[in-house]
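Modelling step: build the complete structure from the supplied sequences, incorporating the hints.
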Amino acid sequence: MNIEFGPELESFRQEVAAFLDTAPTPAIREAGRKTTSVFAPFEEAIAWQKILNAKGWAAPAWPKEYGGTGWSVEQRYIFAEECRKRQLPPLLPNCLQMVGPMLIDLGTEEQKRKHLPPILAGDTYWTQGYSEPNAGSDLASLQCAAVSDGDDYIINGSKIWTTLAHHSNRMFMLVRTDKTGKKQEGITFLLLERTDYPGMDIRPIIGLDGFPEQCEVFFDNVRVPKSGRVGAENDGWSVAKHLLKHERGGSAASPALLHSIARIREAAKTTLSPFGGALADDAVFQRDLGELEADILSYRHFEQLAISGHPMVRDAAYPSMNKTMNSELSQRVSIMMTRVSGIEAVPLQLEALSVGSNVAPLGSDFDLIAMPYYLNTRATSIYAGTNEVQRDLIARTVLAANR
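Counting in this note's numbering, the sequence shown runs without a single skipped number right up to 403 at its last residue.
The set of hints was computed from the structure by calculation and includes no laboratory data.
No false leads were mixed into what you were given.
DMTMM-like mimics (lysine to aspartate or glutamate), calculated; alpha carbons at most 20 Å apart, straight line: (1) K183 - D235; (2) K114 - D151; (3) K179 - D138; (4) K269 - D282; (5) K183 - D138; (6) K179 - D152; (7) K182 - D138; (8) K241 - D392; (9) K269 - E293; (10) K179 - D149; (11) K269 - D365; (12) K269 - E344; (13) K85 - E74; (14) K226 - E185; (15) K85 - E293; (16) K269 - D281; (17) K179 - E233; (18) K64 - D105; (19) K55 - E65; (20) K112 - E193; (21) K64 - E109; (22) K241 - E185; (23) K50 - E65; (24) K182 - E233; (25) K64 - E110; (26) K55 - D123; (27) K241 - D178; (28) K50 - E15; (29) K85 - E266; (30) K50 - E30; (31) K85 - D21; (32) K226 - D152; (33) K114 - E193; (34) K226 - D151; (35) K183 - E233; (36) K269 - E291; (37) K55 - E15; (38) K55 - E81.
See the structure below:
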């Protein structure tokens, strides 16, 4: 199967490159250089989304009738490549890659008209209310309850690891609406149209990298309208599974990984090897970096097979396969970054990492982000369903298909 991008796409690549070379502001470019997570600095990521939306490029994967680009999958991949070449901040995924595509597929016409335009414009930002203190990878064990009361639900309970909830003005969440029968059958999917309901309390959590990316959210008799329900009551599990397909396999990740390899190789040229000379010339380092790069190139081939329409992308196991490979490669890249930075990566430099702070880092820009990125990627094999759970899903899906 041909997965090469033909010369007819070169003019498109040049158009993208010309725009990306001029459109981002200095603050947006700085945010891209200082991104140490899947989630870029919030204000700059939203500002970049607004610029892209004005161009009509904010949601490359959305259908054109909902504000998408109408690009082919090859064009979307080229766009991702060109963005990463310039270290531009990734757009925040909860809206454009998760709740937005889910609403396009499963939302009512009223929900689409109401929510999709402000999502695209960056005027609303949605946090994901899934995990709970005793319901993480075993998400179906969630207990945050929503009791029917006329046209509303009354919610009591809590959520945790609620990413960027302190910056969000909307939330999509799973709630327990029935405690009888199978646990998956008593869950409902809700859209909360604000995050400042009476009785709702958001508390940021400081992560290992020093930043409050995650939050706890508490609900004490929070009343929300039933008009925010997606799908039928007690059928939220099927809605959530559909959304997770977008979360686990909704974007091209290999361009960012390969860009990191290039940065590692460049940084190693000025790093001393314990055995003398530059680390870039060390045979063991070359072997280890080469193995990692080869695995990323294999992953890129996997992504491009999916892009080219290979039948595997229609396989139910594809999102789990993609999530597992991407997360583990990200962790290996982060380890290699700290290996190159060495002791220069140890100081925690929160001010220097803040966009617009004008605080010069100790060491290079590469050293500045190496340790925060390493610490943040410890969670990649846990969130969106642990990799152990993903491997179980892959095994059961493949076995079921070959019986």
